[in-house]
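Asks: Hints in hand, dock the two standalone chains.
If you're matching them up, the sequences are chains A and B in order.
Position 65 of the first sequence, counting from 1, maps to 65 under this note's numbering, and the rest follow consecutively.
With the second sequence counted from 1, adding 327 to any position gets you this note's numbering.
Calculated from the structure, these hints are not laboratory results.
There's no promise every hint is true.
Stated by the list, open to error - One-sided and incomplete, this derived list gives chain A residues near chain B with beta-carbon spacing under 7 Å:
1. I61
2. L176
3. D180
4. H181
5. G184
6. N269
7. S270
8. I271
9. K285
10. V286
11. D290
12. G291
13. Q303
14. S304
15. S307
16. V308
Cβ atoms here follow ideal geometry from the backbone N, Cα and C, with glycine treated the same way.
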Amino acid sequence: MALDSSVDRNIRFSKRRTQFFKQLKRQKVLHLFVGLGMIFLLIFAYTPMFGIIMAFKDYSISTGIKGIFTSEWVGFKHFNEFINDYRFGEIVRNTLALSFLKVLFTFPAPIILAILLSEAKNLRFKKVVQTVSYLPHFISWVVVAGIAFSFLSADIGMINKALMSLGIIDKPLDILTNADHFWGLAVGSAVWKEVGWWTIIFLAAIAGINPTLYEAAQIDGAGRLARIRHITFQGMKGTIVVVLILTIGSILGGGLVGSNFEQAFLFGNSINNSTSEIVQTYAFKVGLRDGRFSYAAAIDLIQSIISVILIFSSNYIAKRASGSSLF
Amino acid sequence: MMRIKKGLLLSLSLVLSLSLLVACGSNNANTNENAGKVSTGNDEVKELTLFIDAPWYPVSEWKGPIAEKITEKTGVKLKVTVAADDRQLPLMISSGDLPDLIFTYSQIDRLSDSSLSYPWNELIEQYAPDFVIDNTRIAIHTMDDGNFYTVRNSFATQEEMAANKYAIGSDGNPGIAVREDILNELGNPSLNSVEDFVNVLDMVKKKYPDMVPLIMDKDWIEQYFLQQFGVEALLDGWYERDGKIEYAIKQPEMLDFFKFMNKLYREGYILAENFAYTNDQIDDEYAISGKAFAHSHTVSIADTDNAKIKSNGGSHTFKMLPSALSKDAKIVSTGLGFAGTFITKNNKDPEASIKFIEYLASDEGKKLTMFGIEGEHWTWNEEGYPNLNYDPSDADFVNSNGIKWWYLYNDGITEGLQGYVPGTQKTQALLERKQITQYKPEIGLIQTQPDSEEKTIKTKVDEMIKNEKVKIYLAGSEEEAIANYENMLKTADQLGLPQLVDWANDIYQKKKELFIK
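Next comes chain B alone, as it looks inside the complex (with noise of 0.2 Å):
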């Protein structure tokens, strides 16, 4: 008795056991089953599942005024997943688990691909014949198989750039902010080129040696001073010389922009741990609780700090440096826009999937997405720009209300329009930079392609500038900062850079006809 007992025990703890690992199996099947029959009220309203892939997303969920609007008009709803990490949705590829709706910008190229997702030229042939495209953004998109997948957002040409002065772009721009009321003490010094700068800095350090001269955000340290170096991109981008393309680290410049680093570094006003911080708090801290002279982040910074230092109960003040610190002062962009989104070979409803992105590339659609609803958010002015209701730095706000983030399809000129804020420090820099702009997209046409030998290539170049470029920062002298220059160049050269530059320059000569007027 007692042994048929225990058997029966046993086996049932086994199946019990079995069936937890048969439920962690199936729960996935069974959203997905669900998702697509939800219907509310008397419409019915079609439910898509979109995948974010970008971990720090602000918005996860479809709720708000705005999320509520575009399902009124199109009556789509999306069940939204952001990612986890950055490798999550290539282990989605790989294993076939694919939603119906994707938005990304790192796996652009590897998504454009008939195996994966539906071509939205065929789709717009198909169901919304009425969706025009320009020629520019079909171009860019359009891969070897003559279609195209996506078309990204926050993108705009020069002649729209021009034809729309009041769309200024977005908050991703460098910026450098001042202490107002430490340079009053100083006695308003002239802060008119790179060398003031550094006299602004010194000074600093002699007046309060207890303070830090420049903290700079871990994501935004270089930025800025490159371009007051006139480097034409990134460490990591292309520049065009004439006619020939070259990898950034090898710009005359750029050595130029080493030996500033170096200098700040060994005169004391940078720290060597900022290269180290992990999360982007730690220079909010300095800047807000009066630690930190200048702060090194993104042309909204001195409006950010200032109202962060104001809800502290602080006093003190941060004021924009120039956007054009030096008469060498350049900035091209090669941007294509942000990023994209993706109709999977899995969606369940290509038809609605494609009319709701043309609701959204509609101006209507655009302008709902970007500034919110009309009347309640914001209101046209006849100038040419929105009189917005709401601060458009003001986080917190415009990420409750889902303003801007279900930005799937948008341009650079609506995205601009939503950063114009007469009076602001951040609008007054955007201007500045405007005018100094260059726009050359089709360096940035110069993308390596998934699993190529380019892309392995860039990679380890890229990986290697990452750890060389702090060694020539901390460089103790200036020969030696120079010397780890050369070493850095001529490591990127035996990880096979020469070729990777005979590839672009090959690619660009076939691409930059695109962009021929």
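Next up, chain A with everything else stripped away, as it sits in the complex (with noise of 0.2 Å):
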């Protein structure tokens, strides 16, 4: 009996083995497809990471690619020395309330445009507006401060001579050199340069919708809002799922918009410096640019941990709440 059971367990192992070629065989164009993007990833992604341990050494650049191997190992020094920084609850702070801002903003600003998008109904109309929300996209950040610079100066920005002008104020707003408006700043520009973008993927989502069940709920007396709600909506679920697991996922860099780096170093100075400090910047600014890579290394790990654990929680979130998750 026993013997009988091992030898067909044999079988059905060895006619699974072989079915699992025959589908490998089946597959082989779609498998060469995804080789090659694992190809890609295993050179630019996980080769990389075997500088982590840098984090736990005390690497010194002359010593070049082998000192990072051979350099001394220390532990949690470089982490311990980041905790213990003057200025690490404060970054830390920085870094998390901008980050969550953006989400908060730059989420649903792409969802609650695509569905007016696809409510319009001059088609030229929505044109011009896809059009000119997205162009910015297409401006590095960079040349965003520099026109944020112009438009927003207290002694020469447009805005506030137009507000000057008209009487609205009667003291210039300090927008780009007030620490309190720093995150304003950064969430709404991040808004305006990134939402037309990302309104893109939630009107293929709404595209993909059958328009029968728009007329048939037209019929069975759904208005308008309704409809959005219980049609649009629930369309675009799975999208948004799965857009809001990545974004979380990213959350420290600044969500599906990115960028928290580049506008925390553009738009940051030393005067709002208070807000505008972010663990990305000082990373970069005390670790990198003197050739500290193991400091530096440290502090991105602590980030990338925190990553990696909003990442999860999210997906279970996800998975628990409306049953699509990423994985």
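Replies: Structure follows, in structure tokens:
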């Protein structure tokens, strides 16, 4: 009996194996595609990960690449240094605040714009709005910072001049040089720059909804808002959840619009530094710029760990709440 | 059939994309191989690769009359790469991908390492026994292993400076220009002290409310005023008193400087925004378009502004404030020079390299690089300076001809002579400065070593000062400014400044003997 079952299992196993190879052969074209992507990841994402060990070592750049392996182990020295830094609290607060605020505002904005656009009847108007809103995506942050200066400068900024001459304000607004305004500036400019671009993916989701659903709902007497709520929004839900999970995974980089570093670096100055210094700019200033790769690696690793925790927990919550998830 | 075709197509695309990756990788190797084999004409011209670790460098190609002349004299031409940013060289060092020559100011200590560079002393002994460098320069650059790996340009000892009265230094010195026409309209009030200057700013503010009384270049905000208050270093520097070294922020005069800056802000003479400028054109714009009364930059700013105003069709003019506006003014030069050239261990021809530098270090080489071609660009004035046929402040001319910038080896005297143009405001300002300058290069030798604990402390203290100083400048009241200043000192101590100061004193005691005459 025991022999029988083991033979049986063996046969089943080899059957499954041949089936596996058969399937592999059938899907070889698809696997080739996947393979290419995997090679890319292997070279550009996995191989460099060896560098992480630098965070636990006293690496000096003059020792070259082999120094990564030969330099002395120092345990959590660099991690302790960062955690005990006198600005640690402030910098982590800024990073988290900027990241969460950006997700809070930049995530729903393209969804709302996509729904509004899908409801717009005038095709030409729709096209113009779409083009105008996604064009800023192609402007680099350096240029945006330059444009922001000529618009928002307290002394020569167009907006301040206009508001002053209209008598709306009597003292120029110091948007660029006030620590209290930095988060608003960062969130506002991120929405302006990226909302149109991310609208595209949600518009695609809306386009995939079967139009007969709308017709049926209309016949059943559903109003416009009810249709948006029960059909458009439901149809987008899967896309929204996937984008949300991706957003939360990269939340410390600024979410789907990214650019936390660019904004903090370009809009940040010594006047608004108390709110604009984030983990990445700090790692850049006191780590990378001096060739202290170990310290920079340790700071970045702390940030990556927080990101991984966030992506797993958001995936878990999404799975529980909506049934759809990334993995 | 169809399936075979599909498979073929796919494998072809795979090969294509892989070869793309490979091509990226091998590109560099190819250029490296080709370098050095170039020959022009009958004589073999050796090509060496040079990396310039300064993203802002104005010349990026080995061309123009100066470069050609140097090649003619040395048989060496350079294939130049200018850094894309200040992290490129650290990355090159860590990956071991080094060119033949490196010209740098920020990585001098790092590259002064026998595993990365050839010691000059060994190369000189072996290939260029006639190349003599004076003892001070050697002492400054000698590392703990007894070797020296470079010699910085732009350096001159106090004695050399004293012996060459026309060597007045270069543009890299602070200066403030004020509107001449407005001064006239205000009845030419006296400008003999810092208080006078503040009074004039006040008059300007009252009479011309739309004008910004003082606009400052983002990199030249503090220097001029620090010197007027008798502060002997910049905010991230050292000063010496009674044989002891202290960090500049602790110098007693520093508080007066901070109170003054804070007053400028509170009275509305400067813009808060000025501290947030990210490019150095904004202040020029104010000055040239006539929206600012005073413009803080370098000693050449009046000449530069006036030239630009003229070419823009404007009519107002600037004139320099005296370099010593107050009797307390002090200028302490702790400079060891600017940048140095390294012959890396990857160098394919160390002999040609050291001989190339030997030529640049010769009297002929120094004058050729700094002034241009004799007879064409300059003639020697028996008084002891060159009569230049061009304006050394004319950046377009200087850069396009490659004058000055190939100073891979040079000295502060030759460079100082290039700045001497009788009759210009810049020359006048530099002459004034030279009179009150004290030289303390031994302080300049207090330099933190790469990867050392002191370097980490200093980086953090300096980064802290960068942010905290603005809080002092922009404080709402003098009391708040003083409180912020004291807070800054306290934070510096928490970051380990006392330890850094102890270390600095040790180094100072050891190194100052190098300069005992």
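Asks: The structure should be examined with respect to each hint, and the outcome stated for every one.
Replies: Tested hints:
| no. | hint | result |
| --- | --- | --- |
| 1 | I61 | holds, 4 Å |
| 2 | L176 | holds, 6 Å |
| 3 | D180 | violated, 14 Å |
| 4 | H181 | violated, 12 Å |
| 5 | G184 | violated, 16 Å |
| 6 | N269 | holds, 4 Å |
| 7 | S270 | holds, 4 Å |
| 8 | I271 | holds, 5 Å |
| 9 | K285 | holds, 6 Å |
| 10 | V286 | holds, 6 Å |
| 11 | D290 | holds, 6 Å |
| 12 | G291 | holds, 4 Å |
| 13 | Q303 | violated, 19 Å |
| 14 | S304 | violated, 20 Å |
| 15 | S307 | violated, 23 Å |
| 16 | V308 | violated, 26 Å |
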